[in-house]
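Protein chains: 2
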Amino acid sequence: MAFELQCPLPLSTYPTVTMGHGGGGRLTQLLIEQMLRPAFNNAALDALHDGAQLEVQGVRLAFSTDSYVISPLFFPGGDIGALAIHGTINDLAMCGAQPFALSAALILEEGLPMETLWRIVQSMRDAAAAAGVPVVTGDTKVVERGKGDGVFINTSGVGLIPAGIRLDPRRATPGDVILVSGPVANHGMAIMSVREGLTFETTLTSDTAALHTLVAELLATVGADAHVLRDPTRGGVAAALNEIAQAAHVGMQLDEAAIPLDEEVRGACELLGLDPLYVANEGKFLAIVAREVADTALAVLRAHPLGGRAAIIGQVTPTHPGTVVLHSRIGGNRVVAMLSGEQLPRIC
Amino acid sequence: MAFELQCPLPLSTYPTVTMGHGGGGRLTQLLIEQMLRPAFNNAALDALHDGAQLEVQGVRLAFSTDSYVISPLFFPGGDIGALAIHGTINDLAMCGAQPFALSAALILEEGLPMETLWRIVQSMRDAAAAAGVPVVTGDTKVVERGKGDGVFINTSGVGLIPAGIRLDPRRATPGDVILVSGPVANHGMAIMSVREGLTFETTLTSDTAALHTLVAELLATVGADAHVLRDPTRGGVAAALNEIAQAAHVGMQLDEAAIPLDEEVRGACELLGLDPLYVANEGKFLAIVAREVADTALAVLRAHPLGGRAAIIGQVTPTHPGTVVLHSRIGGNRVVAMLSGEQLPRIC
Numbered sequence: 079m080a081f082e083l084q085c086p087l088p089l090s091t092y093p094t095v096t097m098g099h100g101g102g103g104r105l106t107q108l109l110i111e112q113m114l115r116p117a118f119n120n121a122a123l124d125a126l127h128d129g130a131q132l133e134v135q136g137v138r139l140a141f142s143t144d145s146y147v148i149s150p151l152f153f154p155g156g157d158i159g160a161l162a163i164h165g166t167i168n169d170l171a172m173c174g175a176q177p178f179a180l181s182a183a184l185i186l187e188e189g190l191p192m193e194t195l196w197r198i199v200q201s202m203r204d205a206a207a208a209a210g211v212p213v214v215t216g217d218t219k220v221v222e223r224g225k226g227d228g229v230f231i232n233t234s235g236v237g238l239i240p241a242g243i244r245l246d247p248r249r250a251t252p253g254d255v256i257l258v259s260g261p262v263a264n265h266g267m268a269i270m271s272v273r274e275g276l277t278f279e280t281t282l283t284s285d286t287a288a289l290h291t292l293v294a295e296l297l298a299t300v301g302a303d304a305h306v307l308r309d310p311t312r313g314g315v316a317a318a319l320n321e322i323a324q325a326a327h328v329g330m331q332l333d334e335a336a337i338p339l340d341e342e343v344r345g346a347c348e349l350l351g352l353d354p355l356y357v358a359n360e361g362k363f364l365a366i367v368a369r370e371v372a373d374t375a376l377a378v379l380r381a382h383p384l385g386g387r388a389a390i391i392g393q394v395t396p397t398h399p400g401t402v403v404l405h406s407r408i409g410g411n412r413v414v415a416m417l418s419g420e421q422l423p424r425i426c
Numbered sequence: 079m080a081f082e083l084q085c086p087l088p089l090s091t092y093p094t095v096t097m098g099h100g101g102g103g104r105l106t107q108l109l110i111e112q113m114l115r116p117a118f119n120n121a122a123l124d125a126l127h128d129g130a131q132l133e134v135q136g137v138r139l140a141f142s143t144d145s146y147v148i149s150p151l152f153f154p155g156g157d158i159g160a161l162a163i164h165g166t167i168n169d170l171a172m173c174g175a176q177p178f179a180l181s182a183a184l185i186l187e188e189g190l191p192m193e194t195l196w197r198i199v200q201s202m203r204d205a206a207a208a209a210g211v212p213v214v215t216g217d218t219k220v221v222e223r224g225k226g227d228g229v230f231i232n233t234s235g236v237g238l239i240p241a242g243i244r245l246d247p248r249r250a251t252p253g254d255v256i257l258v259s260g261p262v263a264n265h266g267m268a269i270m271s272v273r274e275g276l277t278f279e280t281t282l283t284s285d286t287a288a289l290h291t292l293v294a295e296l297l298a299t300v301g302a303d304a305h306v307l308r309d310p311t312r313g314g315v316a317a318a319l320n321e322i323a324q325a326a327h328v329g330m331q332l333d334e335a336a337i338p339l340d341e342e343v344r345g346a347c348e349l350l351g352l353d354p355l356y357v358a359n360e361g362k363f364l365a366i367v368a369r370e371v372a373d374t375a376l377a378v379l380r381a382h383p384l385g386g387r388a389a390i391i392g393q394v395t396p397t398h399p400g401t402v403v404l405h406s407r408i409g410g411n412r413v414v415a416m417l418s419g420e421q422l423p424r425i426c
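Going line by line, the protein sequences match chains A and B. Add 78 to the 1-based position in the first sequence for my numbering, that's all there is to it. Add 78 to the 1-based position in the second sequence for my numbering, that's all there is to it.
One thing to keep in mind: the hints can contain errors.
As the list makes no split between identical chains, a pair holds if one copy fits it or if it spans any two.
Stated by the list, open to error - Taking lysine to aspartate or glutamate and the DMTMM-like style, the derived pairs with C-alpha atoms no more than 25 Å apart in a straight line are: (1) K225 with D373; (2) K225 with E295; (3) K225 with E187; (4) K225 with E348; (5) K225 with D204; (6) K225 with E334; (7) K225 with E188; (8) K225 with E133; (9) K225 with E342; (10) K225 with D340; (11) K225 with E341; (12) K225 with E370; (13) K225 with D333.
Derived from the structure by calculation, the hints contain no laboratory data.
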């Protein structure tokens, strides 16, 4: 097989892979849009989704994959094992699917304490059992000491998309309302507080959770009036909404005061100079729905234990397409741009 | 979530993960059987397959995952990218499925030359296009320099199992005939020759290939009389047949003289003191079929470009259940045991 001469990313600017290419910001987007998407060009991939939507013999399937390289392996509220189960369940849920099977592939570093592996495997087991989604196939590889980092986990998953559901980032339409299912930035700040050795009056806890039952209730009520769902992981709410705004060629207007944020998380963000809109979440999602059903959607979310603090945080606009604008607490407007690199490496 | 006190592997014997736990031999089996399978206990997982077989709204699906950590990234006959595409296609084919979608998840090490990544991505693209199986969803993560090894790739895949196909290792039945689709040990010895800097009169070349079209032709002809398919990757023919013999509680008798082996591969194995039965393959498979269709199966395999040197290599026996016995060239019988650790680390 002949190799093409020209790398699509200019090698003078990007001679090597940098941490920023994995941060979920502009560099990640560049790598995906310039190199990976064109290489694997096909209709399912072009949907710019958290997963692919496929139709097989009349059955609508969602299929998604994610590798988890989070450091540290254990953190308040979770660990890499639970995260890997929740994350792929959530990616499938964001396609509107009810997940029915997961795979789990472990890359272990030689020297990993067996008891650490056992704790992680138990956590995966418990998370899968709690979510009601079985791990049906797996793989285990080992790399030499110093060629890995304890454990990396890939989970992939398959789900069933009910009739009448049509989620697609390109369906974000001016007039649509943007909701979030709860307070943002908890996962990222929990990880950061461990890494930085910060202590607060209360422990910052990751929000890692499986969102498929909450999503199922939302979709059962609003159906095709749900236009886009997205879980704001790497790159946070900012990256997620920018990607949707670009895909749909629409603008977005957010109301800062409406975005739920725990006081401890706000304090930690201020201390570390981080903007909570860019911080990763693992148990929250954004929903973009038709204006007529916004209040219903909010009520459904709030009635579920995982959505009790859901809020309407903004709207889709015909103006400034591709750009997310925040109306700040102090009254001004500012652009919420896509970050270039990453502010929080290995957050998931 | 409460952690159980007791790790199912005795920590005094296995305090840490070793390279042998990833080698495909007895230690890998121990890790899977003692820790992983019980944790994720469910019917699909219990099938001891290369992938799971699922039924969704009347549609029979196969779902499989594999991470590729091969070193070096490029080798005669292929590279990690092509290998990752072929490997998961083959795992699906071994379930009797026609693959229809793949995922690709990359874990990149900071500092990986962008051009190296581009070569690998092109190779994945070309392999997927040649096989006619699209990559529909993906993920990219980056870890710090020294926390990975260039690139690790996970591919997962979904396939459709035609009506009338019932492949299951437990269907291996005394009287069944064992076939192999071509010469063994080429992949592993190609990798070893690069690692050891060996040169032979001809370059040893990996046999990496997508086997789904060959499998489709076989199954279209022999249908449910094909009882088990298995691609002998890590651990080679020995590990694959031992696993099946144990799963089905049957014995196996192999005829060494009948096992196809390239002369250069035989020479390299002798030089390095390796038994070709334990060396990995990436473009071959074992088929265990009803005796009545064995000759037909052989003819179908031989008529395909990837099966030209297929052979009948042995049979399933009611005697010595769980054990594979080789009738050697010099006339004796010896047990082909499962290796404890690995003889060739990071071969796939």
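### Ascending list of hint numbers which this structure does not respect
1, 2, 4, 5, 6, 8, 9, 10, 11, 12, 13
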